[in-house]
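Asker: Listed here are the chains, written in short residue letters.
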Amino acid sequence: MATNNTNFYDLYRHGSLGVSLTDALDDLIGAERIDPQLAMKVLTQFDRIVAEALSEKVKARLTFKGSLDTYRFCDEVWTFLIKNVTFKMDNGAHTVQVDKVKIVSCSAKRGDEK
Amino acid sequence: MSNASVGTVYEHIIQEVINAVRVDFEENGVDDGVLDELKRGWQQKLSQMNVAQFPWDPRPDQSAQPPANAPSAALSAQAAALPAASYTNATLSPQGPAQPLSLPSGSHLNNNGVAIKPEPGLVKPEPAIKEEPGAGGAQNPNQHPVYPTPAAQRAAQQLHSRYGNSAAASISAIHSGLQQGQQGQQGQQGQQQQGQQQQGQQQQGQQQHAHPQQNYQQQAQQNYQRQQAYQAQQGNQGQQQQQQQGVRPGQAPQQVNPQLQYRQGVAASMQQRLQAQQAAHPPNGLPAAQVDGPSDVYDGVLMRRGPDGRPVEMGRVEIDNLLHAQIAARAKQMEGGGLMLPLKEATKTRGIATKRERANGAQFDGVDDDLKDEDLDDDAINSDLDDPDDDKDDDEDDDDSMGHMMLCMYDKVQRVKNKWKCVLKDGVLTVNGREYVFHKATGEYEW
Chain H
1 MATNNTNFYD
11 LYRHGSLGVS
21 LTDALDDLIG
31 AERIDPQLAM
41 KVLTQFDRIV
51 AEALSEKVKA
61 RLTFKGSLDT
71 YRFCDEVWTF
81 LIKNVTFKMD
91 NGAHTVQVDK
101 VKIVSCSAKR
111 GDEK
Chain U
1 MSNASVGTVY
11 EHIIQEVINA
21 VRVDFEENGV
31 DDGVLDELKR
41 GWQQKLSQMN
51 VAQFPWDPRP
61 DQSAQPPANA
71 PSAALSAQAA
81 ALPAASYTNA
91 TLSPQGPAQP
101 LSLPSGSHLN
111 NNGVAIKPEP
121 GLVKPEPAIK
131 EEPGAGGAQN
141 PNQHPVYPTP
151 AAQRAAQQLH
161 SRYGNSAAAS
171 ISAIHSGLQQ
181 GQQGQQGQQG
191 QQQQGQQQQG
201 QQQQGQQQHA
211 HPQQNYQQQA
221 QQNYQRQQAY
231 QAQQGNQGQQ
241 QQQQQGVRPG
251 QAPQQVNPQL
261 QYRQGVAASM
271 QQRLQAQQAA
281 HPPNGLPAAQ
291 VDGPSDVYDG
301 VLMRRGPDGR
311 PVEMGRVEID
321 NLLHAQIAAR
331 AKQMEGGGLM
341 LPLKEATKTR
351 GIATKRERAN
361 GAQFDGVDDD
371 LKDEDLDDDA
381 INSDLDDPDD
391 DKDDDEDDDD
401 SMGHMMLCMY
411 DKVQRVKNKW
421 KCVLKDGVLT
431 VNGREYVFHK
441 ATGEYEW
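These protein sequence lines are chains H and U, in that order.
At position 60 of the first sequence the residue is numbered 60 (UniProt numbering), and the sequence of numbers has no breaks.
At position 286 of the second sequence the residue is numbered 286 (UniProt numbering), and the sequence of numbers has no breaks.
To be clear, the hints were calculated from the coordinates, so they are not data collected in a lab.
Careful: at least some of the hints might be erroneous.
As the list claims (entries may be wrong) - Capping the alpha-carbon separation at 30 Å, the derived lysine-lysine pairs in DSSO-like fashion look like this:
#, chain 1, residue 1, chain 2, residue 2
1, H, K41, H, K83
2, U, K417, H, K65
3, H, K100, H, K83
4, U, K440, H, K83
5, U, K421, H, K59
6, U, K39, H, K83
7, U, K332, H, K109
8, U, K39, H, K41
9, H, K100, H, K59
10, U, K419, H, K83
11, U, K332, H, K88
12, U, K419, H, K100
13, H, K65, H, K41
14, H, K100, U, K39
15, H, K57, U, K417
16, U, K332, H, K59
17, H, K65, U, K39
Said to hold, decoys possible - These stretches of chain U come out as covered by chain H in the derived footprint (C-beta under 8 Å, 3 or more residues):
#, stretch
18, 318-327
19, 425-434
Just so we're clear, the structure is a prediction, and the values are computed from it rather than from any experiment.
Note that the Cβ used here is the ideal one computed from N, Cα and C, for glycine as well.
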């Protein structure tokens with residue numbers, strides 16, 4: 001865990017949880033209550049903890065179908081743009097329909113193995 | 001549904017992160033309260049996104065918003081107050097005392113502007129006269145202190161000493177004029193009107209103003225020759241006034257009423273001088289060079305009144321701040337005339353200008369059309385991956401980055417012909433304003 005800085009993606013910073021954390025940190029930095037370096041430490045901790053929590057605490061499963069509009073694979077990151085997607089959660093008990101969704105996905109291998 | 005678990009998972013994550021960084025905060029010597037504040041701010045911002053029901057929010061769904069907003073507003077107010085407080089303590093403190101003082105240029109303006117404004121009668125032109133470089137200085141050495149004290153204060157003091165309480169209005173006007181001083185043009189117009197008013201008042205009754213007339217009659221006579229010289233230079237304004245007066249029926253010839261003429265001279269010369277001042281001022285807002293030689297007593301570069309009323313030399317930073325404020329004010333003033341546009345517009349116009357230059361230099365039938373045509377031609381060759389598709393793609397990317405998004409890890413991505421299958425895990429999905437977390441997701445889609 002000593003090298004956890006490099007082991008976890010900062011991808012989740014772009015979710016609502018990460019954005020709100022970044023905003024809160026920005027406020028504190030703007031008020032000169034904390035250093036930007038300290039904020040970076042918080043964010044790296046956040047990267048680790050989110051990844052752990054999502055893998056350990058969450059059991060929910062999800063399936064989705066749709067028509068793929070764009071795909072991209074660059075630097076081990078898949079980006080899909082899918083249209084007319086139907087998400088099924090809880091074994092189909094709950095469905096959500098969206099006209100398009102963007103999926104940004106990093107390799108699960110790197111987080112686990114290294 | 002997985003949306004229900006979002007609150008608890010996020011709560012867990014927040015608590016974990018806060019606990020994990022507590023050590024870092026301590027190492028950096030940051031108070032625990034800041035950490036609490038971070039947590040509160042984080043939770044409130046998350047609540048504002050309204051992506052899920054969170055444990056820290058009040059239970060009922062409808063009433064969740066107002067309480068969530070109220071503390072956040074308080075927090076933002078606090079956050080706003082914090083930097084302000086710190087600035088007033090540290091950064092602004094040199095500017096605080098700098099407020100009441102004014103640059104010589106500004107106060108020149110004010111002095112001139114205000115000197116006539118409050119009372120258009122005979123009293124007011126006098127303090128303005130004393131500022132004229134040659135006559136005033138020689139005539140009233142006491143009114144021209146050798147060291148450059150702020151002229152507004154000087155004028156205020158003098159008004160007070162001369163006219164006592166009756167001048168209180170104009171003194172306060174001088175002070176308030178410090179803020180209005182930037183409206184040079186308007187002030188000038190006002191002066192013009194004032195000048196005409198003066199004439200009108202003179203017409204109505206010179207008797208009323210017997211006292212003040214006597215008061216400065218001597219000065220008037222002393223200045224008279226100088227004023228005539230001024231009148232010679234006065235150009236159209238002065239002539240206009242003289243013509244007006246000449247046309248006026250029943251008015252005595254000008255030579256018979258030297259005072260009247262003098263007063264016109266004063267008004268006109270002040271207008272002229274104001275214009276000259278404005279024109280002659282370099283753009284940095286410094287006054288024109290002093291004509292009567294350097295000051296005899298050197299106390300400092302720029303002086304201001306200390307709390308005890310004694311002149312205190314201003315520090316370099318103070319002067320810098322003062323100059324900066326002055327320049328900024330002038331820049332703002334000029335913005336109205338379009339001289340100093342915001343950077344964006346300025347660069348835009350410059351870009352247009354250069355484009356036009358280029359067009360003039362090279363081709364006269366319009367650059368843009370040609371370029372577009374060439375681009376289209378080039379693209380027509382490789383039709384498979386041509387531009388329109390890319391453009392559409394980019395647009396969609398932008399659209400989706402704001403809205404529905406899934407962030408996750410992938411275990412497997414497979415493709416058979418146009419059928420894709422992927423196995424994703426540990427993801428966060430945001431759709432339709434709700435957030436979902438999943439441990440595992442499988443997707444099938446066709447391209």
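Asker: Output the numbers, in ascending order, of every earlier hint that fails for this structure.
Answerer: 1, 6, 7, 11, 13, 14, 15, 16, 17, 18
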